[in-house]
Structures are given as structure tokens and as C-alpha cells.
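Novice: Respectively, the protein sequence lines represent chains A and B. Under numbering that gives the first Met the number 0, think of the first position of the first sequence as 0, with each following residue one higher. Under numbering that gives the first Met the number 0, think of the first position of the second sequence as 0, with each following residue one higher.
Please note that a few of the clues may not be correct.
Same chains, same names: a pair is fine if it fits in one copy or spans any two.
Result set (DSS-like, lysine-lysine): computed pairs, CA atoms no more than 27 Å apart in a straight line [said to hold, decoys possible]:
hint, residue 1, residue 2
1, K59, K113
2, K22, K190
3, K59, K190
4, K59, K41
5, K39, K190
6, K123, K113
7, K113, K41
8, K41, K123
9, K113, K102
Treat the hints as calculated values from the structure; they're not laboratory data.
Number of protein chains: 2
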Amino acid sequence: MPRHIGFIPDGNRRWAVARGLTKEAGYAYGIDPGLLLIAKCKACGIAEVSIYCFTQDNTKRPAIQHQAFSEASVVFACEIARRGAALLVVGDETSAQFPETLKTFRQRQGSGIKVNLLVNYGWKWDIAGLANGGLRSDEVSRLDLIVRWGGGRRLSGFLPVQSVYADIYVREEYWPDYSPEHFEQALAWFKNQDRTLGG
Amino acid sequence: MPRHIGFIPDGNRRWAVARGLTKEAGYAYGIDPGLLLIAKCKACGIAEVSIYCFTQDNTKRPAIQHQAFSEASVVFACEIARRGAALLVVGDETSAQFPETLKTFRQRQGSGIKVNLLVNYGWKWDIAGLANGGLRSDEVSRLDLIVRWGGGRRLSGFLPVQSVYADIYVREEYWPDYSPEHFEQALAWFKNQDRTLGG
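When you get a sec, could you build the whole thing from the sequences and use the hints?
Specialist: Written out as C-alpha cells, the structure reads:
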């Protein structure tokens with residue numbers, strides 16, 4: 000079993016457009032799947048999960064989208080905290096793009112499964128910390144497995160240092176179409192990967 | 000067309016074992032495919048390629064394997080230089096594991112296609128440079144596409160910073176079974192990827 004899993008829930012906008020909705024309408028449909036996914040991880044005894052909410056680059060998108068994914072991230076984080084988890088939000092809190100409500104979670108709070116939410120995160124921002132002694136995400140451990148929805152075969156700047164040895168599993172479905180079997184199939188696939196870590 | 004492609008030529012040992020050879024015998028069979036691949040990249044007008052030869056972690060393998068992949072890397076590098084390329088070797092040259100012959104290539108030499116060979120490379124070694132102003136691989140540009148042979152869906156520490164937005168294409172074949180159509184199919188696949196770079 001993987002100890003730490005990263006999730007890249009991509010495809011919200013494409014999902015919305017395919018249903019005749021506006022692009023920004025897709026983000027709100029990503030919240031419930033995320034809560035289901037975390038419940039599933041808890042049930043399976045996963046110790047730590049990291050979820051890509053939005054990046055500094057994403058905030059350059061149209062304001063209406065920015066507002067929608069920022070609000071969805073806040074609702075998602077607060078509900079995770081309410082249900083019980085050791086929640087940490089990782090991202091540049093010195094910027095106006097960082098949701099005020101989430102500043103309290105820049106230090107880990109709560110107990111239970113470790114949940115790291117990347118909010119206004121940037122890989123450059125993260126590794127710039129190395130000039131001052133450590134990654135800005137240095138409370139986030141090495142990833143064993145990364146699951147991405149929406150078909151993209153890339154990391155898109157997701158925790159580049161913690162991802163160095165992670166196995167990457169991709170689903171073609173858009174994130175709002177998440178089903179628990181995606182997660183089960185990711186775990187089954189992971190079991191068959193040969194992990195040598197270079198040795 | 001991708002400007003810069005990374006190659007992870009994995010599966011040499013598995014290829015050898017499948018043919019009844021000793022594991023270490025596989026590395027020598029990876030040289031000619033590598034020369035063919037670079038010739039193909041030149042013909043297609045690719046500006047820069049980066050190739051994973053061996054890592055600091057790999058040198059912890061049995062000595063007979065270490066000697067075999069180190070020698071294969073030296074032969075490969077010298078032949079690339081002889082055929083003409085702007086060759087740079089990236090790796091920790093202060094260690095005894097770094098082949099003496101390749102020290103001259105720690106600064107880029109020659110002209111033509113840029114070829115970066117990762118020799119005694121380590122992702123930790125690379126990013127540790129950020130504490131002193133820049134990546135140790137800072138002459139290596141951002142990757143557009145990474146092609147990996149041998150079926151592994153992971154980066155295994157391959158240039159974590161330059162890989163942040165790279166599309167990752169995986170072949171199941173072991174590296175010594177390289178065929179030019181693998182490369183052609185990688186390019187065709189890459190053309191169909193949607194590259195937003197987070198925007």
C-alpha cells in the first residue's frame with residue numbers, strides 16, 4: 000500500500016463545457032468527489048494525501064474562473080477540517096490570491112489522516128525556499144503514488160521534489176466524474192509496479 | 000514539435016535476463032540504440048536532448064553492473080562527440096564514481112544539437128545548487144517531452160525542475176529493443192497533448 004498519495008483532479012472545465020455549462024461552473028462539482036476520495040483514503044488506511052487545488056499560474060486565468068476555484072478550495076478545506084483530518088494548506092500566503100480563510104491552515108491543524116492542500120502553490124515558490132534552508136513544502140513527505148484525472152500525462156509543477164520516485168497513474172475521466180473504482184484500480188496498478196528507487 | 004526531449008532508456012537488465020545473459024551485459028546493447036535515437040533527433044530538427052545514463056543511486060548496485068554502465072556511458076559519450084554535437088555531461092564530477100574521461104565534458108563542447116548526458120547525476124545533488132544561486136543543471140533547459148522505455152510510469156529523479164511541465168510518454172519495450180517508430184509515435188502523441196502550462 001502506498002503511504003502517501005498525490006491527487007491531480009484535472010478536467011473540471013472540460014467536464015462543465017461538455018455539459019453545456021460555463022467553464023467556471025465545473026469547479027463546484029469537484030468538491031463532493033474530493034470528500035468521497037478522502038473518505039476512501041481514510042478507510043484504506045492511507046497515512047497522507049496531497050491534493051492540487053490551484054497554482055499561482057492558475058490565478059492568471061479569467062477572474063470568474065479564479066473566483067470559482069478559489070471558493071471551491073475554501074469550501075473543500077473547511078469541510079475536510081470539519082470532518083476531521085490533520086490539515087495543512089501549502090501555498091504562498093503572502094499574496095492577495097491566497098484565500099484569507101485558509102491562512103489558519105498554513106500550520107497543520109487537527110488529527111487523523113494528513114491532508115495537504117496545495118492552494119496558490121507554485122513549484123518555483125516552493126523550491127525557492129532551498130536558498131534559505133529548505134523547501135517551503137518541507138512538511139510534505141515523499142510521494143509514493145500520484146493519480147491524475149483528465150488524461151494529462153504530466154505533473155504540471157505538482158510537488159517536483161516529493162514526486163521524484165512517485166509512480167504516476169492517469170485516468171482519462173474528468174475529475175467531477177470520479178468514481179471509487181478509479182482509486183481501487185490505481186491501488187491495484189500500484190501493487191504491480193516495481194519500485195527500486197534507483198538501487 | 001518539442002524543442003527539448005528527455006530520454007529515460009530503462010530496461011537494459013531485464014532485456015539481458017530475458018535473453019539468458021547476465022544483467023550487466025545489457026548495458027552495452029544500449030549504446031547503438033542511443034546513437035540511432037540521436038541521429039533521428041538531429042534529422043527531425045530537435046534542438047536539445049537529455050539522456051539518463053546513470054545516477055548516484057545506481058552506483059550502489061553491484062560493482063560489476065556499475066562498471067558496465069559506467070563504461071557504456073563513456074563509449075556512448077565519446078561517440079556522440081566524435082559524430083558532432085554540443086555535448087554536456089551533467090553529474091557530480093567530484094566523486095570517484097564519475098568517469099575520468101568525461102570530466103572534459105562538464106563544460107559544453109562542440110556544436111550542433113545540444114546533447115545533455117546525465118552521468119553520476121542525482122536530483123539532490125542538482126537542487127542542492129539552489130542554496131548557492133542556481134541548479135547544478137542550470138545549463139539544461141525546460142523539457143517539453145520525456146520518453147521512457149521499460150514500462151515505468153515515473154521520473155526516477157530525472158531533472159525534477161526541468162520536468163515540471165513535460166508530457167511523459169512511456170513505451171513498454173526494454174530500451175535495447177528501441178525502434179525508430181517508438182520515437183515517431185512519441186512525436187505523434189505529443190502533437191495531440193493540450194499544453195496550457197497552468198494558464
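Novice: Looking back at the hints listed earlier, which ones does the structure fail to meet?
Specialist: When the structure is compared with the hints, numbers 1, 4, 8 turn out to be violated.
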